[in-house]
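S.K.: With the hints as extra help, turn the sequences into a complete structure.
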Amino acid sequence: MCTVCGCGAGESKIEGGAHDHAHDHNHDHGHEHSHVQADGTVVTHRHDHAGEHAHGPEEAPLGVHAHTHRHADGSEHSHAHGHDGEHAHSHPHDEPHHEHGVSADLDYGAGPAGAHVPGLSQARMVQIEQDILSKNNTYAVANRRWFDERGIFALNLVSSPGSGKTTLLVKTIELLKAKVAISVVEGDQQTSNDAERIRATGVAALQINTGKGCHLDGHMVGHALQRLKPADDSLFLIENVGNLVCPAAFDLGEHHKVAILSVTEGEDKPLKYPDMFRAADVLLLNKVDLLPYLEFDADLAEANARRVNPHLTIFRVSATSGDGLSAWLNWIEAGLEAQRGQRGETVAALKQRVAELERQMEQMQAAK
Amino acid sequence: MHEMSLAEGVLQLVEETAQREQAQRVKLIVLEIGRLSSVEPDALRFCFEAVTHGSIAQGAALEIVDVPGAGWCMPCGETVPMTESFGACPRCGSYQVQPTGGTEMRVKEIEIE
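So the sequences go chain by chain: A and B. At position 281 of the first sequence the residue is numbered 281 (our numbering), and the sequence of numbers has no breaks. At position 29 of the second sequence the residue is numbered 29 (our numbering), and the sequence of numbers has no breaks.
Hints are computed from structural coordinates only; laboratory data are not their basis. A portion of the hints provided could be inaccurate.
Unchecked claim - Keeping only pairs whose Cα atoms sit at most 25 angstroms apart, straight-line, the calculated SDA-like set for lysine to any residue is:
hint	chain 1	residue 1	chain 2	residue 2
1	A	212	B	13
2	A	272	B	85
3	B	27	A	129
4	A	351	A	365
5	A	212	B	38
M.R.: Here it is in structure tokens:
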């Protein structure tokens, strides 16, 4: 559900995906296990975990969790359990990126009275302190971490429909594909036309159809990552649904939002839709080859954009004539370089840490 | 439309918390809505009543804490009060103002039993 315009959710389809599911699910599953006691009797009992889990694009098919359990008859065992706060269990579904964080402590003594009496009121305040969009942000943070760990540079391209996003993307890919691995996610309400246009350039593309939805969200992109498996140190491009309103509020985990404004639109678009231009770091003023035929004031458009976002980096480009594309490509390459450098630093830091720990172990062994 | 979907977002957070806390009923919901968040509190109240109907939060009181708008004006080099998002600085008239307060849309706390 889009919290900006109220459009529907649960209708999004990822191209090639056999499953069409809405994902906020809770697990209330039980399991059974046996203990052999010292005297040889076997005690079999069941217990349940109730809890929710968050999805992250993590390769963690098995959950690790701690739990407390009580026996139905109220008895307590004095024998030791085989599990020490951690156990793995398999699930009927096999999506590879589920991360289970189950915390389902049943604490009936948490109320002001410090005890639970059925039927007696225990009104209490619970702090939530959460942003209304926090769920999406959790997915976005996981996506961003995934990109950063692999040195991938991710861009989210946003604009109104018809600004030339796909043409610009095709041109950018053609000019860069010899230098860097590229994968693309295409968001549209319907059809896979755009993904087909991208695939014609020879790079991997995945279409996400949002159905009634007006934007991509962090969760959809997380699924797309699993499907596309972008290479390390590669460029990951997300073409959002053509819409200048809702995608501004949804972080997908990208490093930068790139807004595209074409000169066949009005100069005042940044003022009419300030949220999007505020959310973007880069503005591409597209179709500049048409300027001689239009009454479009490019300087005024740039001034309007800078008014809502003084930090914008602006490039004037034309995807058809190729004007100004080199500056845009240089910017992408600088971003890729920075991502790789950052990843290199992380790897170097980890290696250093491992070396340090090994040295400490050696010292401990020597001390023995 | 905007407020209707926000109300659903609020309800989702409230239901999750209520379920986790094993609550029977939600009595009060406290939201923080900034003046620069482009949310209409009256419209939100109206929608909230509609979406909570039949849920654990049915009949819950809704308290909306108004957070005044503030921005950091770069030319003035100080925090100035703001009445509209992306508006001009009330002191110098510059548009180089970064909103620093009043953009919140948060569920602060709930009272349950």
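S.K.: Taking the hints in turn, state whether each one holds.
M.R.: Hints, one by one, checked against the model:
1. For a cut-off of 25 angstroms, the pair hint linking residue 212 of chain A to residue 13 of chain B stands: about 23 angstroms separates their Cα positions.
2. Among the hinted pairs, residue 272 of chain A with residue 85 of chain B is consistent with the structure: their alpha-carbon atoms are about 12 angstroms apart, no more than 25 angstroms.
3. A threshold of 25 angstroms between alpha carbons decides the hint, and for residue 27 of chain B with residue 129 of chain A the separation of about 17 angstroms falls inside it, so the pair holds.
4. A C-alpha spacing of about 21 angstroms is found between residue 351 of chain A and residue 365 of chain A, which places the hinted pair at or below 25 angstroms, so the restraint holds.
5. Simply put, residue 212 of chain A and residue 38 of chain B have alpha-carbon atoms about 23 angstroms apart, close enough for the 25 angstroms limit, and the pair holds.
The structure fails none of the hints (numbered hints given earlier).
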